[in-house]
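> These protein sequences, in sequence, are chains A and B. Going by full-length UniProt numbering, the letters in the first sequence line up with residues 1 to 708, in that order. Going by full-length UniProt numbering, the letters in the second sequence line up with residues 1 to 499, in that order.
Just so you know, the hints here were simulated from the structure itself, not pulled from any lab data. Please note: incorrect hints may appear among the correct ones.
Stated by the list, open to error - In the BS3-like style, the derived pairs of lysine-lysine whose C-alpha atoms are separated by at most 25 angstroms in a straight line are:
| # | chain 1 | residue 1 | chain 2 | residue 2 |
| --- | --- | --- | --- | --- |
| 1 | A | Lys596 | B | Lys329 |
| 2 | A | Lys541 | A | Lys554 |
| 3 | B | Lys487 | A | Lys596 |
| 4 | A | Lys596 | B | Lys375 |
| 5 | B | Lys196 | A | Lys583 |
| 6 | B | Lys214 | A | Lys7 |
| 7 | B | Lys196 | A | Lys12 |
| 8 | A | Lys417 | B | Lys196 |
| 9 | A | Lys8 | B | Lys196 |
| 10 | A | Lys588 | B | Lys487 |
| 11 | A | Lys467 | B | Lys196 |
| 12 | B | Lys161 | A | Lys554 |
| 13 | B | Lys375 | A | Lys588 |
Said to hold, decoys possible - Sample of chain B residues with no beta-carbon within 12 angstroms of chain A, all distances over it, derived:
| # | residue |
| --- | --- |
| 14 | Asp271 |
| 15 | Val280 |
| 16 | Glu408 |
The C-beta atom is built at its ideal place from N, Cα and C for all residues, glycine as well.
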Amino acid sequence: MAERSFKKEVEKLRLGAGDVFEGEGILAVTKALLQAGVAYVGGYQGSPISHLMDVFADADPLLRELGVHFESNANEAAAGAMLAASVNYPLRGAVAWKSVVGTNVASDALSNLASGGVTGGALVIVGEDYGEGSSIMQERTHAFAMKSQMWLLDPRPNLPTIVGMVEKGFELSEASNTPVMIEMRVRSCHMTGSFVASDNRRPAMTVGQAAANPRRALDRIVLPPAIFQHEIEKIEQRWPAAQKFVREQRLNEWFGPERDDIGIIVQGGLYNTLNRALELAGLSDTFGATRIPIYCLNVVYPLIPEEVVAFCAGKRAVLVLEEGQPEFIEHELSTLLRRADIQTKLVGKDVMPRAGEYSGQVIGDGLAKFLRDHAPERAPEPRAIVPVPADVAATVPQRPAGFCTGCPERPIFAAMKLVQRELGEMHVSADIGCHLFSILPPFSIGNTTMGYGLGAAAASAFKPEGKRALAVMGDGGFWHNGLTSGIGNAVFNQDETVTVIVDNGYSAATGGQDVLSSRAKNDTRITNHPIEKAVRGMGVKWARTLTRTYDVAKMRDLIREAMTSPEKGPKVIIAQSECMLNKQRREKPLLARAAKEGQRVVRERFGVDPDTCTGDHACIRLSGCPSLSIRDNPDPLRQHPVTHIDNSCVGCGNCGEVAHAAVLCPSFWKASIVTNPGRWEIWRHRLSQRVIGWLQQRHGRHLAARAF
Amino acid sequence: MELVLPDCDRITIAILALGGEGGGVLAEWVQHIARANGYVAQGTSVPGVAQRTGSTVYYIELVRTRPSGGNRPDPVLAMMPVPGDVDIVIASELMEAGRAILRGFVTEDRTTLIGSTHRVYAISEKAALGDGTGASERILAAAERRSRRFIGFDMAAAASKSGSVISSIMLGALAGSEALPFPREAFEDAIHHGGKAVETNLKGFGLGFDSAQKGEAAKDAAPAGPPVPTTAAGRALAARIANTLPAPAQATATEGVRKLMDYQDADYAGDYLDRLAAFVPLDEPDGALTEVAARHLALWMAYEDTIRVADLKVRASRSERVTREVRAKDDQLLSVTEYMHPRLQEVCETLPAGLGRFILHRDGLRQRLEPFFTKGRHVRTTGLRWFLMLRLLAGMRGMRRRTLRYIEEQARIAAWLDLALQAARTDRAAAIEILRCQNLIKGYSDTFERGLAHFQMVMDAVPAALRGPNAAARIAALHDAALADEKGEALGCALAATG
């Protein structure tokens, strides 16, 4: 992390036994790892677990003290592979990533890890969400846990429970020689709460000690014939061991009355939402005193047949609340009940929606349906809902995410739009990263996005008979895997694709972490590896680096050249300008200090003259900058709003360059405001202002003379 | 202090904010206040995309802490608002208040809605070719109607006035609403505790507090009356307006005269009234036709040429406006650079018609001259060189009536007025729609050419439309289609449909 400090958070990691930790869920998990005596931690940043990576990256001194190794892995595959350290040695290791994407990237390593099994506890912290907070496709890590035999924890949103499950997760992993995943939903990650801390524990064995005393076991290596043995071990030893541990440690929880003829089985992560739905139906209270029995699955895989049978026996019907599809838990519960010959009716996706987030409203509606069918005397009165008037619904606009104020990626897409005006529409293969916002208005550029760093690879099928395809990739995606699967693939297969690599100096979309090509100096990582050198090393002949993306005309000319150049082979444009969000984080305080100390400081911002602006907004359609907005037309005759730039403008220059490149209008101006100007500068300025002032006075008299 | 609570002592608060507005800071303040005053507080959010222009919801639940030894477990608090179960909604912007209503968070039985009434326009509203903004009054009406109590005022203006940020105004309004059972000092303590920009935050807080206490309603400033003439020529023209035009059109015509006197001179404004007079006998007593003609004729006659742009750029009032807008202080130096891109076309249009046509019609000459006009110019108008250049250009106003552009524009205006007058004889509504089409012509260079082309396509379709039924509605549909997209796709479809 170059431009943000997490010192305050790191301090919380130092809390000792008896101290009360207050903070967000994901930081609680971070602290829990240290309390559990973890020996190494890794992962790849992404919402909602970026915070864990960022805090560890800033916690170097603490980690050194404890003898914990931390690594920002190149990608999730690297992070997953790192867990190999727990195969031969009793090392507790944890990695974190955004799932299901990260799990998919890591799947090769995870399959092998799960096959051979682990000696030391191995924990994968997956940030996963099925609802509003999710920015990826809706799939379930649950499927992965099932097919690879990894255990999946879904602790209920309560910091002591979450922290406890991290500790128990390691123990479960060790007791069953199986890697364990712990799922954190977005809201759980950002949920504030408190727990009583315990002391951090030095790992019993450090990674250094393990490396110094290598151990080897042939039967842990994933190759025949050991793999056949692994398959049997999974079923005959690890699975029963895990179920025994979960049962004995009572990792799942029961709430409410012991006897009842109905009940609810819920994924741990949904428990709070369920309790609210019950409360609103008059069946629970704020403190979770439910009047319907709840079996709360903090461990969603494996299920514990004895617990399931005991809970369901004697009940007429049980409601299963399982978010996402397919409904793996419901399927398995059915099997368990059939096998035990229990006649309890299982109600799940027949009353609950098959797809979509289980919000309070959704669970409330499903619960009401369940009760009406199976316990009508307890069903809540249907709540009268006053429909929102249609005119309100039609008036409230969508707010799609877009580029930040002054974002250096904006001019790249403005340039692309200008090239499209000349060459016609292009097939644009987009990638994961901030630049993916190009698919939305006002740019509306990009056809597909196939995964992080896969922009170039996703265009490789197009062998042009005329117009080339264009691929976009960020520097984050490039180092994540784009160098090999995108550039290497294109060179080897003699692709003609044009790849624009957005080199903004950070893995910006995930929070501004450093990557290999970052320009920042980083005390614990090596940076400053130019991307152009890397692509040339891969065999690209046509590579150009543009060091200021805001030069829209140059950007446009370069893209046009790449699209039409007679040269064979892939063309790579590296478009460099620093992520504005991070640049501002770094420069704003420095400039403020410099101004205070009496140094000459220049602030730039743009503006629009409302009397020359005619309200066509072509400039906005080529920009979409948050600071470039509209306001009522000051001219009483004109009826369309004028363009307006507010004071949040950071003076990146895009507006003016676009106005020039697209030959728009003369309304844009740039103001340079000089604090602490030099003496000569003041003298010159005063002189010209005096002359201009005099001319303006005369002009003013003419204007007054011909005025109304 | 009255406390809005359901049948349990739980308070739920939803904050709807846009990225960068400090919704997270506000949520932290509220939780700090609650914890310091005997409540358990839990906050959650899905902040991922908020920083990049998106809207996001921060959700907080507060529960009174039990006396110790009560042997009660920790409260189980929800992580997202349930429709109908929200006590307080704070929205940082008007449409976000609308979104809260839309999502069912605001209910008449219990919700205190605290919302700013200013607008931060969404991209769909900003990118429209004309006016794409949503109707604010609908949201204001719904906010009043559907909440238990609505506290709405322009918090962005308050933030700007106090030199603070909108989150501190929102905190002040929350305290001032007395919807939470905590005294004012408790809120101020939270700002002190936060330790950042304490002074300005307290100032903003105070302003928000007072506005909420006053129950300040969203008020529009009273519209300014029509301008009063300041010169003899102005008075003469004002008298002409009063004597010749129907009363409902007079205010607009006065604005038109003022604009054209500023643009050119009193004679030109006189020409304007001459042209306008033709509409009066064809109009009804409501003056609607004349009013629309007055507006759009004035706008067209004040077309944007290089002389006009230069004239506006060199004015003292413009320098003052820029200085104010960028908040430049007295001890700072301000320099202003314009982004101008005059093409050979515009230069020739500013020349006397004969000369301008001569150059534009000779390909060889054109090709030789054009390279000098392909680059955009950075024009520093706070420097003497460029200021003098623009001042000279503005001074060419005297010869405007001889320029190529003037001749071309007057011919277009005449054709358009003829068409409108001809329509007005049989179909006043259609004539109004024809006149309104003037606002399809906007901007400069490519934008201007595109708008003019679309305008011409609509005008070409007018005679056929006039022969059929519902001519006004059909012309209006073409007008709207022309403003639907840049490429003219919607217009093409609409024209094909009209046949």
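> To test your reading of the hints: which numbers does this structure violate?
3, 4, 6, 8, 10, 11, 12, 13
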